[in-house]
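Going line by line, the protein sequences match chains A and B. Residue numbering for the first sequence follows the working numbering, beginning at 1 and increasing consecutively. Residue numbering for the second sequence follows the working numbering, beginning at 1001 and increasing consecutively.
Among the hints, a few may not be true.
As the list claims (entries may be wrong) - Using C-beta positions, here's what the derived DEER-type ranges look like: (1) GLN1112(B) to VAL169(A): 27 to 37 Å; (2) ALA1015(B) to ARG82(A): 18 to 28 Å; (3) GLU1119(B) to PRO242(A): 24 to 34 Å; (4) PHE1013(B) to LEU139(A): 16 to 26 Å; (5) ASN96(A) to LYS1073(B): 26 to 36 Å; (6) PRO7(A) to GLN1112(B): 50 to 60 Å; (7) ARG82(A) to ARG1107(B): 29 to 39 Å; (8) GLY153(A) to GLY1069(B): 33 to 43 Å; (9) MET110(A) to ALA1015(B): 50 to 60 Å; (10) PRO242(A) to SER1218(B): 42 to 52 Å; (11) ASN96(A) to GLY1069(B): 53 to 63 Å.
Hints were generated in silico from the structure; no laboratory data involved. Quick reminder that beta carbons are idealized off the backbone N, C-alpha and C, glycines included.
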Amino acid sequence: MRPIILPIISLAALLLLWEVYVWAFEVPAYLLPAPSSIWASGSQILGAMPVHIWATLFTVLAGFVVSVLIAIPLGVLISLNRIASEAIYPLLVFANAIPVIAVAPIIVVMLGTGIESRLVINFLVCFFPIMVATATGILDTPKAYLDLSRSTGAGFLTGLLTIRMPHAVPFIFSGLKIGITLSVIGAVVGEFITSNRGLGYLIVSATTNFDLAQAMFAVIVLAIMSVILFQGVQYMQKYFFPWSIKAQTLN
Amino acid sequence: MKDVQIENVSKVFGAGGANPFTALKDVDLAIDGGAFLSLLGPSGCGKSTLLRCIAGLEQPTHGNIKVGGGPAKPGFDNIGLVFQSPNLLPWLSVLDNVLYPVRVKSRSLVKQYRVQAMELLEKVGLSHVANQLPDSLSGGMQQRAGIARGLVMDPDILLMDEPFSALDAMTREDLQFELIRLHQETGKTFVFVTHSIPEAVFLSTKIAVMESFPGRISQLLNVDFTYPRALDILNSEQAIEIEHTIRASIYGKTPVEVTTGEGH
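With the rest of the complex left out, here is chain B (with noise of 0.2 Å):
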């Protein structure tokens, strides 16, 4: 069962404009359900802006985006959104952003679902601090909360911007274990914008690697490393051999080379 349909999709941004600019060009993925699917390339491929599109934050200008059945559309419960900075609002406890969603839908639903909140807090834990403000978390804790929120409507679908790329490494290191156990204990289907490419080989089941100018979907390569994995899998040669791939596609085929600056 496909979760995302992603049909010969592009975006165009100021059409009509002095400077249109093409940000997708004829993309066309499905998404299997329970994938951990990583949308990776170089800043401006269009990675951000198509999971902006399966969100229903950006319509796309041709094409169909279809999220389990329908029509993607904003505000849709079946898909959970984390964003690139933790997006956490500051005048809310952290156990009231992760409520947020819920308090967007019915302000009725909200004490319905606390218990839910809280669960996942403890599940990302951070149920001590659930009645404090966000500023006094770290980077990586408020990340945590991020992802809680983008569950809390318990969606089949979580959508990922980037969401470590304003971590530190260690604290990155340890939030990417946290996905991978939260994508085998759920059986959602995760959706992963990234430009690290050990990361995406890491986390992902696929990987769809796109090219900029315009952005579209150069390859799709999938991940196969059985559970649970240990960052050592990114030593192994099929890991070498995937990002080998990678590069060759996102650098063009030659590969890459450093110039040390020193004769030969």
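If we strip away everything but chain A, and leave its shape as in the complex, we get (with noise of 0.2 Å):
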């Protein structure tokens, strides 16, 4: 009970002396509104939130599946095969290292400002954790493994099948988990650029009128939106992997 009991007092203590700072001071709203009035303002577009959240939800989930579908089999390529690993890893630690809000206005010129542009975006910042997670644990599988499955015959596919994958699964999922999280960001980067909906819109808008209450709502959601979707990621490995999590103590 204590570890859930005591961040909360925590938390509870921080915003009373938010509320009282705000209020004692008498600090404009446009420069730090109380968390009261964060509360009233996020319940006066309560009606408006399930579009904006899903339009956030569904670049973040669709973002992040294309990443996985790309950087899981690329991350086994570059493991496994010497010539595609030297012929384009380092690109793709060139592309990791453009900062994507610095591309992001590029893509939207060259693809539009529909749903296209914010994948792109999206990918470009989660899928190379992904991608390298996946090629450590492809590389990390001990000799030992890949000699039982060499000695019982199994061929290089069947020893990439049976040995390689589900050693690199544990090492895949921490990959995942800092891949949902960027992925967020991808989104938020995305509906920044370009957007008439989704949280990242919501906040551009709101500090254009110095409604900080409004913008800060949408922050908070976004963080716990977050917040749901890693725990959603390691649920998934404790349901399809139970196995893997006994080795990790961060989770």
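Got two chains here, each in a separate frame; can you build the complex from them with the hints?
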């Protein structure tokens, strides 16, 4: 119980301090809204929230799925094939080094203001850690496991499917956990640049009106979404690959 | 009938490179069907390399190895392999681990082999944990599962690479009895790598004593204790004689002495 109660108490204390500070020093709401006004502002737009949440969530999930579908095979490829790795890995490192926020406007010009741009932006943000985690897991396979599969006559593909891939599962999931969080960032960046709905859009439109309370409300919703998605990935690992949890200490 | 025929085998690692290492040199050995042969020697004598060559995991640089009349190659049904660490796959249940060699051969065979696998698990006392993950098992139980996996395709030859070296002394004795029992029951050929002299004497019908740098077989000894064997046989004159011969062969002709540091 204590690990649940303690953070709740410290959060409540922090909110109270914030509330009292704003009230005592009469800080204007366009500089720092009190928690109570954030809540008030949020409850006003509650009706519109599902549309924004769903828009962002869709970008997050679609972008994440696209990234996973590309990053995992790519990770397998660069870990197993030396030529492929030498040929494309430096390019991928370079692609990852580009600040996505800088290329996002360029992508929008190239691909338009539709979902495509947002998916590409999202992919650029979150494919790399998933790919590297996959490659690391594949390369980490103990030699003894490979000896076992070879001694039973397993060929390359069987070895990959029955030994290397399962061994990489916990590694891939640590990549996915980073990836899903980055995917939320990617979606918001995309919505900053081009969108007419979504939580990122809500933040931009609220701040142009100096409505900090509304913007902060959107940020809180985003953070909650991010935590739930992270826990969702965690849960999937626990459900489908329970054996892969034990070795890990952080979750 | 010879089950394994090793003719003039040499193995050089890094041949042609700057530091070639001769792991095995001119090894000749014939293993009779139904024998329990131990490859015994200090570390670096190439005993594990020789076993890996028989399993087809390494190719000899020179010479030939014939297993059951054909050349040694990986994936040969007639060979089972037991590893030093139990080497069970943590994502498969104990039963699925035992069935892994079958799964590699053909996915459609798995169902058919389930009965054999369960019987084997029963034989090594693990049927009650068949559906558990290997992580929940003790080291000794894991290695029992490893042995069951080696036997699942019903091979004529079981190769074991220091299978008990990671186990505590009591578990080790326990598994030694188990192994003798399995050998007697199945009549298979067991090839067992170890660096423990008493273990080799207790288990084997034949011991190939190996020497290092380069790895080669220096002596081939028969051990003909009757069955069932009890640990007492290690105190018999015959066993002491065999151990003495082995030590002389490994440490050189002068008997080993312990200096106590006290003057006499």
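*Among the hints numbered above, which are violated by the structure, and what are their numbers in rising order?*
Hints 5, 8 not satisfied by this model.
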